[in-house]
Structures are given as C-alpha cells and as structure tokens.
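Asks: Under this note's numbering, the letters of the sequence shown match residues 162 to 265, in that order.
What the hints contain is simulated information worked out from the structure, not anything from laboratory work. Hints may contain errors.
[Said to hold, decoys possible] Each pair of labels, with its calculated beta carbon distance range:
| no. | residue 1 | residue 2 | range |
| --- | --- | --- | --- |
| 1 | VAL259 | ALA203 | 30 to 40 Å |
| 2 | GLN234 | GLU214 | 13 to 23 Å |
| 3 | GLY258 | GLU238 | 49 to 59 Å |
Owing to the predicted nature of the structure, the values given are computational and were not obtained by experimental measurement. For glycine and all other residues, C-beta sits at the position ideal for the given N, C-alpha and C.
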Amino acid sequence: MSREITPVVDTQNVLADLEPKEVLGIFETLANIPRGSGNESAVADWVVAFATERGLEAVKDDLSCVLVRKPGQGGLENSAPLVLHGHLDMVCEKAEGVEINFAT
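Build out the structure end to end from the sequences listed, making use of the hints.
Replies: Here is the structure:
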C-alpha cells in the first residue's frame with residue numbers, strides 16, 4: 162500500500178525569506194538536481210560549470226569526482242594549500258510504502 166506525503170511547508174518558497182540569498186539560491190539549485198549515490202554525473206557537471214563560470218580551474222573524472230582549484234591571492238600565493246572535501250551524492254531513503262522517484 163503506497164501513500165502520498167503532503168509537505169508541511171511550502172517547499173517551493175521555503176528559502177525565500179532566509180539569508181544570505183545568494184548562498185541559499187545555490188543550495189536550492191543543487192537540491193533540485195537528482196544525485197542519488199551512483200548518479201552524480203549531472204550534479205558534478207553543474208559544479209564544474211559553476212566553477213569555470215567564475216574563472217576557476219575545474220575537472221571531473223570518470224567517477225564524477227570534481228576537483229576545483231583556486232590559486233592563493235593577496236600575498237598568500239606561495240602558502241600551503243587548503244583542501245576542502247565534500248560529497249555530491251544524496252543518500253536516498255524513504256519510508257516503506259512511499260513512492261518517490263529519486264532519479265527525477
């Protein structure tokens with residue numbers, strides 16, 4: 162037996178009144194890209210495009226891992242690098258009987 166989930170909040174406008182708007186707009190864009198584990202190619206492509214549009218070096222490998230480089234600046238060009246690491250996939254879990262297509 163399946164059942165539909167009715168959102169408690171207006172999910173289309175949940176971020177509308179929060180700050181900083183630019184950061185939350187980026188988050189909202191990412192949240193709307195299907196990216197279940199093993200299905201990260203589209204979100205990886207988006208990250209590469211986002212970075213290159215901002216003049217950053219970005220590459221994606223065959224597993225959809227992305228590396229973005231930003232050179233040091235302001236006198237820190239020769240400093241040790243800083244590495245930030247994260248993941249692009251989303252763990253897709255749902256309650257038994259709930260129908261959700263995580264690929265769309």
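Asks: Quick one: which hint numbers does this structure break? Sort them smallest to largest.
Replies: Going through the list in order, the structure violates hint 1 alone and respects the others.
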